[in-house]
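Chains P and E supply the protein sequences, listed in that same order.
So the first sequence is numbered by our numbering: it starts at 1 and just counts up by one.
So the second sequence is numbered by our numbering: it starts at 1001 and just counts up by one.
Since the hints were derived computationally from the structure, they do not count as laboratory data.
Careful: at least some of the hints might be erroneous.
[Stated by the list, open to error] Which residues of chain P face chain E? A few of them, derived with a C-beta cut under 10 angstroms, are:
#1 E45
#2 Q294
#3 S434
Where is the CB? At the ideal position from N, CA and C, for every residue including glycine.
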Amino acid sequence: MGKDQGRRIGSAEELAGALRIAAELEHGLCCQYLFAAFTLRRTLEDFAGIPAEEDAKRHVMALTQAWATQILTVARQEMEHLAIVINLQSALGEPPHLARPNFPVPLGSYPIKAHFCLERLEGTTLERFLFYERPDYLAKELKFDDPGCCEDKAFRNAPPLALASHAGLSFDSVQELYQTLAGAYSGPDELPAAVLFRGSAAAQVQSSAVQWAQSVNVPPVTNRLDAIAAIDQVTFEGEGIGETPTSPSSHFVRFAEVNRSYVELRHALPGVDPALPVVCNPAVSGAAPPGSKQITDPAAVLAMRLFNDGYFLMLAMLRGFFEGYRGNFGTYPTFAGAAPNSALFLEAYYPFMTMFIRPLGELVCRLPAGPEHPGKNAGPGFELTGEPPGLQDLDWYADRFTQLDQAGRELHVWLADHEATYGPDAVLAAERQSLALQRMRLNLPRLWKEGVLNP
Amino acid sequence: MSAIETPRLVVQFGGWFQCRLPTDPDPTWEPRGVSGYTRAIGRETDFDRVICLQKGDIPHFDRNYRRAELGNPANEVGVTVKAARIEGVLGTVDVLRGAEVRLLRNPEYILWNQIVADGVERIVPLVAPFEIEIRKQVEGGEIVLRRYDPLVPGEIGDRFWEVGEPRVYVQRLPTGYVHLSSEVMEATGISDFAGYFQMRKEWLELEITRRSDPVEREALAVRLRAIDLFSQSRLTTSPGLIENRLGLQCIWEHPVRGEACVEGCDLLGGEVLAGGLDDPGLYWHTRFWHGGWDGDLLRGYMQGELRMPFRVRG
């Protein structure tokens, strides 16, 4: 397929494929951004062993605090973009696509010319992020000769994955992908409305209807104008398209600011690394792809498996929420009578991302990787074993919460028994994680059956 | 004497408190603040989340006590007794005026990002553990009125993470939540929220130029940026998040049922009574609110009362 042909979506099947790519990109970008943010040194304890004055460390902490704010804001918006893509999928009558290839994803697997890597925050990482989010008008200015994940030369030339979602599309940037998508909804190549909106309008999730946090804006998509507006929102928030030169709050501008600050710091204090020595593309799964680094430290392995299982459950809850949603979310503030939608949303969205993914991801980045990686730390692998299932019954989710609760307790016990090796901070973090999981497990049946308690 | 006939010593208190805590969507145990609107800055220690009603109780006070422009009432932390009286008795119990009020056992707001008190778009935390103390050194001795309330009497106690049914401790959850409370504005004297933080920003700008220590300058700059960021609102007619919190009011009202310590009652002209968990007639009762939250100073206002069964001497 030629490039121009590749930019045109000619059928519902091609649109479905393009939306699956968009979902994988948004999802994959979110994981990479989270990973990088988790690796930042943000407390004095994170600088243990680094020979520098305390004031210098505190200066770096102020910077990493600001960088983490920016990066996590972008990651949160990638989640919003994923939700927008899911609404577009739903309008088309397609299920949410929440699977994605495990890291690292070789160059060429997606049309954009960059690897997808889990790597700690460093110069190359930020250059990669800028490349992902660049507006097209800067394409010639912003060259990125991808060195491979974490400059792993061996992986640099790894063969691309044959992704089922690829759909034969050609695009050089995320912006171009969305422009291609927009062409299916409006213009000379637009597809018939009866195809684009054959899904149930009641299944469209609207952020205001489900009390999503104010900073997340997910609009419903029920007609061509809605679809174009939703796509424009993604490129406005991402690449800054729609304002000249670009929106000051775009992902690109946010990363540009972080990059400038990072470069200045490295010049001013070359001896103080602002990121923890986290290995590239850490993995514990036996089926981890080439280029990943197997983690062997027993505590890190327990924590990473817990992370992967929880991440999978979170995606399953999100998929169940989106698939089951039919406009019925119950009545504020209890949302009673709207189960399982409200229960899954209120478990997956409100506490799970903030009280599981982030704190456990940060804890893993502070555990050793194992003797094969001397001086290096582990990291959350975001490893998936397949597409999370659609809507299940309460027992399915409850069983997995029970397993997570058990695994959380085991991690805590292991770290407590080996406190001399891992330190008191890791023990405390694991204990808190375990308590949160314990309570979340207990919450689910009540939320499912009764909704939110209205005190 | 029945519970109904027992008069009550009613102690009213108010003042500013400090609580250094992260805010959603930061996780509960985030050490320095990233995604929410609060930040630990400069040489401050990591967030401790403890509700401190007295200046002297603030851990690492010299590093963790922020200041605002001169004349700002929140510059001074200290919740004290404003008035006391005995129901059915003329006059006031002046000896208690100025007594220090404390919440002991390092209490925190327990919300755990909606895991524990699952309000949506509302802030409805537990305050746990809960042990209130009124203490004053006076001529001839010391008055101490202290009592603890277990979240769930018995085995569970304050281990709220073991409870899947919040109705078990529903009485400890807030009974009211107001976004823009006139009662708060009256108590704090702050009603122009935008103007309040505009003054803060101008003061911070000035203060930055006065400092030579780079860590302090950077810390002040972080405060300034946070106010800037969270003063913005998508809707120009409504206040930003940090401004909105100045009008917040969260109200608790519950009995205080656990072990008590009462000293110096002679100075009160009677006896404060306290029984066990199985003696509801001798429970103490409190109603209080926290509000007027200044997310830059990490301070809020507390106002309320404690009612205790009282046996008048003679």
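request  = Find the hints from earlier in the document that the structure breaks and name them by number, from lowest to highest.
outcome  = 2
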